[in-house]
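*Asks:* The residues making up each chain are set out below.
There are 2 protein chains.
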Amino acid sequence: MADNNSELRKELIEKAKSGIREAYSSEEYALMQAVNAWLELSKSRNLASERLAEWYGIYAPESAKAGSAGLAKAAMELAENVGSAERTGMGRKMNDDEASALKSFAEYGMKADSVITSLEEYLKVAANRLMPNATYLTDEKIASELLSRAGSLERLATMPASTVQLLGAEKALFKHIKYGSKPPKYGVLFKLVDVTAAPKEQKGKIARVYATKLSIALKADFFSKRFIAEQLKKDLQESLKRIAETPSRPKPQWQQQHFQPRKRFGRQNNPKRGPRRN
Amino acid sequence: MADNNSELRKELIEKAKSGIREAYSSEEYALMQAVNAWLELSKSRNLASERLAEWYGIYAPESAKAGSAGLAKAAMELAENVGSAERTGMGRKMNDDEASALKSFAEYGMKADSVITSLEEYLKVAANRLMPNATYLTDEKIASELLSRAGSLERLATMPASTVQLLGAEKALFKHIKYGSKPPKYGVLFKLVDVTAAPKEQKGKIARVYATKLSIALKADFFSKRFIAEQLKKDLQESLKRIAETPSRPKPQWQQQHFQPRKRFGRQNNPKRGPRRN
Chain E
58 MADNNSELRK
68 ELIEKAKSGI
78 REAYSSEEYA
88 LMQAVNAWLE
98 LSKSRNLASE
108 RLAEWYGIYA
118 PESAKAGSAG
128 LAKAAMELAE
138 NVGSAERTGM
148 GRKMNDDEAS
158 ALKSFAEYGM
168 KADSVITSLE
178 EYLKVAANRL
188 MPNATYLTDE
198 KIASELLSRA
208 GSLERLATMP
218 ASTVQLLGAE
228 KALFKHIKYG
238 SKPPKYGVLF
248 KLVDVTAAPK
258 EQKGKIARVY
268 ATKLSIALKA
278 DFFSKRFIAE
288 QLKKDLQESL
298 KRIAETPSRP
308 KPQWQQQHFQ
318 PRKRFGRQNN
328 PKRGPRRN
Chain V
58 MADNNSELRK
68 ELIEKAKSGI
78 REAYSSEEYA
88 LMQAVNAWLE
98 LSKSRNLASE
108 RLAEWYGIYA
118 PESAKAGSAG
128 LAKAAMELAE
138 NVGSAERTGM
148 GRKMNDDEAS
158 ALKSFAEYGM
168 KADSVITSLE
178 EYLKVAANRL
188 MPNATYLTDE
198 KIASELLSRA
208 GSLERLATMP
218 ASTVQLLGAE
228 KALFKHIKYG
238 SKPPKYGVLF
248 KLVDVTAAPK
258 EQKGKIARVY
268 ATKLSIALKA
278 DFFSKRFIAE
288 QLKKDLQESL
298 KRIAETPSRP
308 KPQWQQQHFQ
318 PRKRFGRQNN
328 PKRGPRRN
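Just so you know, the sequences run in chain order E and V.
Taking the numbering used here, I'd label the letters of the first sequence as residues 58 to 335.
Taking the numbering used here, I'd label the letters of the second sequence as residues 58 to 335.
It is possible that some hints are incorrect.
For identical chains, the list gives no copy identity; a pair is met inside one copy or between any two copies.
Unchecked claim - Straight-line alpha carbon distances no greater than 27 Å define the calculated DSS-like cross-link-like pairs of lysine-lysine that follow:
| # | residue 1 | residue 2 |
| --- | --- | --- |
| 1 | 160 | 74 |
| 2 | 262 | 160 |
| 3 | 290 | 257 |
| 4 | 74 | 130 |
| 5 | 228 | 100 |
| 6 | 291 | 67 |
| 7 | 160 | 100 |
| 8 | 150 | 74 |
| 9 | 150 | 181 |
| 10 | 160 | 181 |
Derived from the structure by calculation, the hints contain no laboratory data.
Bound-form chain E, shown alone:
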């Protein structure tokens, strides 16, 4: 009896374990972690570049180095040559302690750059493996970020196009619902070059077209696993062309007014919102 029980116990534990293994088996979890790491690291790197530029500026206010890589190199060179030649610049003369701190910080910037590169390489490989259609239509970063926002490839693939369009714009969406501010037109898809470069009144339409095609691409990625993105991209580009050719006209009167939310959502006017600007 005791033997039987412990036998059963072992089996159940094994089953639980394999359940957990199953749950994490797909590579999408790694991809989501990687894209989040990439997003966070890119932010940190930008912050560090700004700081490095400011710090470097104390010693060489006359030179305006651009780009984080060039800057990091210049800072390291400066730190390595403390007190060697007479300096002709206008900046402060660095002492040894400062030099080693600045050098270390510049090294950090370079390390961050190289880690970002290797995360980008992984994103490229994994996104193309897991969601080849969606990646072909957009790029590996946007596709992976959409995946991470959705939480799993299954959820992303079964979302309606309008939800895909607004992934990443949750805050603006709920502000719209609650306070009646303008509805968002795009979330993560704002990062598409086609959207960024478009004239203001076309951005929303372009995001919509992308979301529609992406939704089809994602279903193919998750269900049929066939590569249909070439045809999709052709269709997409035709739609974009049509949007670009449509002349823009002033909005009808009713569209210029505020959307009025239902009363039960609470306050009608958002006190945080100043006067409409555009």
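For this one, chain E is given, so just place chain V on it according to the hints.
*Replies:* Quick look at chain V alone, frame taken from chain E:
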């Protein structure tokens, strides 16, 4: 005449240059950059540790590694041994691409740790050189952060104690002035162990005592450059003892009510503030 002009021009440029050189001549500018770099980097490192823990958890959900250094090491080991032995854990089996991305990210964490350490070393040296009294009373991080908030040692040394007490609490202070929320008791000084560890009703008093002594210490650091911090610390500790011994009693009625701001500052009630909680 032309010669005279160019002579004059040269001289004036030289003068401007030396003016700039003068303006940046003090080490306090380097210290401010270093402490800001340290603060930003510490935040990034914490974010990266959390991300690493989550990422590592996919492969080894059964192990809960604590501490960023231990975690980074574990992740690197895991990444290096991809596909070597049979894994008994419950997590996902990593492929080579994941392994190299994870390894690179773990290396980033370790690099960030080491850069933070070297920035801390610099803070220690420079803060003790520039503001020995203030550093003796608090520590190099708090003293440097106060310096960076004030903008220069001269400004910091000439501030009244009450301003030093609230450095870093600007947001809460202006919210208090504008909306009548509770006034802040401390800014950067919140990081003092004596403040953190104190019972709630003593924190403000302790910050006040620290600010008073710090203000004296900073004047000595900037003007007389004498080391008077030992006596100051003795006085400080006596004051702290007195505060700890004073029994706490309930606040009088009038103190429990809201502070009413002057009308011309605008709204009397802050709509962002929910009901009072403490």
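*Asks:* Each hint should be assessed against the structure and marked as holding or not.
*Replies:* Do the hints match the structure? See the list:
In the homo-oligomer, the alpha carbons of residue 160 and residue 74 lie at most 27 Å apart only across protomers (25 Å), although the nearest pairing inside one protomer, at 48 Å, exceeds that limit. In the homo-oligomer, the alpha carbons of residue 262 and residue 160 never lie at most 27 Å apart, since the shortest distance is 48 Å inside one protomer and 41 Å across protomers. Within a single copy, residue 290 and residue 257 get their C-alpha atoms as close as 23 Å, which meets the 27 Å cut-off; across copies the closest is 62 Å, which misses it. With identical chains, the CA atoms of residue 74 and residue 130 are at most 27 Å apart between copies only, with a shortest distance of 25 Å across copies and 49 Å within one.
Within a single copy, residue 228 and residue 100 get their C-alpha atoms as close as 20 Å, and across copies as close as 24 Å, so both meet the 27 Å cut-off. Taking identical chains as interchangeable, the C-alpha atoms of residue 291 and residue 67 are never at most 27 Å apart, the minima being 56 Å within one chain and 64 Å between chains. Proximity of residue 160 to residue 100 under the C-alpha cut-off of 27 Å is found in both arrangements, the shortest distances being 21 Å within a copy and 20 Å between copies. In this homomeric assembly, residue 150 and residue 74 come within 27 Å of each other (Cα to Cα) only across copies, at 14 Å, whereas the closest approach inside a single copy is 61 Å.
In this assembly of identical chains, residue 150 and residue 181 lie within 27 Å of each other by CA distance solely across copies; the values are 20 Å between and 44 Å within a copy. With identical chains, the CA atoms of residue 160 and residue 181 are at most 27 Å apart between copies only, with a shortest distance of 17 Å across copies and 32 Å within one.
Going down the numbered hints, you'll see the structure goes against 2, 6, while the others check out.
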